[in-house]
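Please take these sequences and the hints and turn them into a complete structure.
Protein sequences, first through last, are from chains A and B. Read left to right, the first sequence gives residues 889 to 1053 (my numbering). Read left to right, the second sequence gives residues 880 to 1297 (my numbering).
All clues given are correct.
Taking lysine-lysine and the BS3-like style, the derived pairs with C-alpha atoms no more than 25 Å apart in a straight line are:
id	chain 1	residue 1	chain 2	residue 2
1	B	K1287	A	K975
2	B	K1287	B	K1084
3	B	K1284	A	K975
Just the calculated beta-carbon pair ranges, DEER-fashion:
id	chain 1	residue 1	chain 2	residue 2	range
4	B	A995	A	Q1030	16 to 22 Å
5	A	G988	B	Q887	54 to 60 Å
6	B	D953	A	I966	47 to 53 Å
7	A	H1036	B	G991	45 to 51 Å
8	A	E1050	B	S990	47 to 53 Å
9	B	Q1232	A	P963	35 to 41 Å
10	B	Q1274	A	Q960	25 to 31 Å
11	B	G996	A	E1050	30 to 36 Å
12	B	K988	A	P963	52 to 58 Å
13	A	L1046	B	S957	54 to 60 Å
14	A	G988	B	D953	46 to 52 Å
15	B	R1043	A	N1022	43 to 49 Å
16	B	A1236	A	H1035	37 to 43 Å
17	B	Q1274	A	I966	20 to 26 Å
These aren't lab readings, by the way, just hints derived from the structure by calculation. Beta carbons: idealized from backbone N, C-alpha and C, even for Gly.
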Amino acid sequence: MQRCWNCDAQQMDGAIFCTDCGASLIGRQRRQETTTTLDEPDKTVPSSAAAPPAYNPTGMSLVLVHDGRRLQLEPNTILLVGRTDQKRGIIPDIDLGNYGGYDAGVSRRHAMIAVSESNCTVEDLESANGTFVNNQRVHPQQPLTLHHGDELKFGTLLLRVEIHP
Amino acid sequence: MKSDIHLQWSISRPVLPTSTEPQLIYALLEANPQAVVRTDSKLPLCLCLVVDRSSSMRGERLNQVKDATHRIIDHMSSEDYFALVTFNDRADIVIPAQRVTDKANLKLKVSGIEAAGGTEMATGLAMAVQEVRRIGMTRGISRIMLLTDGRTYGDESRCVQIARRAQERRIGMTVLGMGSEWNEDLLETMAAHENSRAHYITSAKEVTQMFAEELQRMHATFAQSVKLYAKLRGDGMLRALDRVRPFIAPISIIEEQTQTWTGNLGDWPSGDTQAFLIEMVVPPLPVGDHPVLQIAIRYTVPDDNAQQQVAATTIQVPVRSPQEAAKHDQINPNVKQWLERVVAYRLQSRAWQAMEAGDIEEATARLRMAGTRLFEAGETELARTVEEEATLMLQSGVTTAEGRKRIKYGTRGLMGKS
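Listed below in structure tokens is the structure:
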């Protein structure tokens, strides 16, 4: 047995690269082991999962009609609506993946919502299944002003717009 | 006239020292089907194209696909069968499976395809399988080529089921993903069978070339259902089997009988040299020359009434005293080079897994080490891409879809550059 110089994992004699970390085991002084135990040292790797975005509890909010959940939107922001896809590095501000977005046909980059002090707009980002305001399909890449009480649909996921001055 | 597949092997160290512990040996097995001389014409082919015609394919993408399809039709003969299925929200058989006799008419139908609507893949696939099976070729190659630039909603598991059913009936699949938005997990799962493969196409222009290459490869298939049998002496263990040429891919192995492992190697075109990296653990052995691994490759010849043929070899390992072995303590550079690439492939694949699990630190470390391995294997350009993605990952916690695909498919396709 030998130990990897890089990660300290036990490796079989004859191994050229560490099966654990991939470091080269040749051309360095080998660290021979006398024991043949296969137990590897415990490795604790800290997790650095991103924290969910925080929303301001005043101003504009979107209410998920099917379960009444409220998503509050911070003023003076432009928010990406979609579904998180870690593999592709897409982390939308409003992640509808947690609210049945996948089944409802929400694209990973579905729409943008721009919230200012005086108004709020939605812009479809050429999503596969469309964005609808009061059942009218929004033209892609043309921002449309939202009003209090509007029904907003991403794919088939229905939300209600609430704007409190 | 046909001759056997020619097998050659080399091992990681020319001489092993005696030891009280098991040792790991890497063996590179090269199989050269070029020794086969065909006297008859090209193998007949039954090819069904399954083309995504959802809105996102509109414009240059669909035009390139149409051009590429025209060329495919040009390259097919009246012995071949061709079918075309398109899908968006629904699936249509544009060209039912038929002999390629009236090329002009087939092309006219291809030209009529228009892009619109969403993506519903499973029905399209099911129709393609039906078309290929309807012909029921007994001699020749059946294949489905799927081309998509997007993702399908809600029918992913059906897609995989249909793909598996086809593959088990010897209908191989070539899956082409275009752009960066397609669902690589789905396409990879669909192609995760030894007679199938997935490709990544960055621009529509590559479609023509990719189609042409696949067509050539299919026409040249000379061995089908190739299976490797590896019988290991004594108390040893076959730890891993990876294809390294023509592209890198792990091969699942099972211990089918005591000390005999098997792995499916798919269909082989005559132009490709196939190479495999075998990782085996050998028990403590006394001084002497030991035939540690018996290898047999069994396959059928598609134009020969499925007659089974076998190629065989035995890997011998010289074992000497530690003093004597130390005089020969050098690593076979060819074995090391391929191993280094396999290690890079494994590392990047584990990096994405760590990334998915939200462990950026581990993902970055794995990707960095993959970069080191690639750099040392002489793949400097790819190593740089890996390094850039690792830096991006560490700084922002994300990677680019394009970078990820470049790395994934780049590490896999490292052939012909050594």
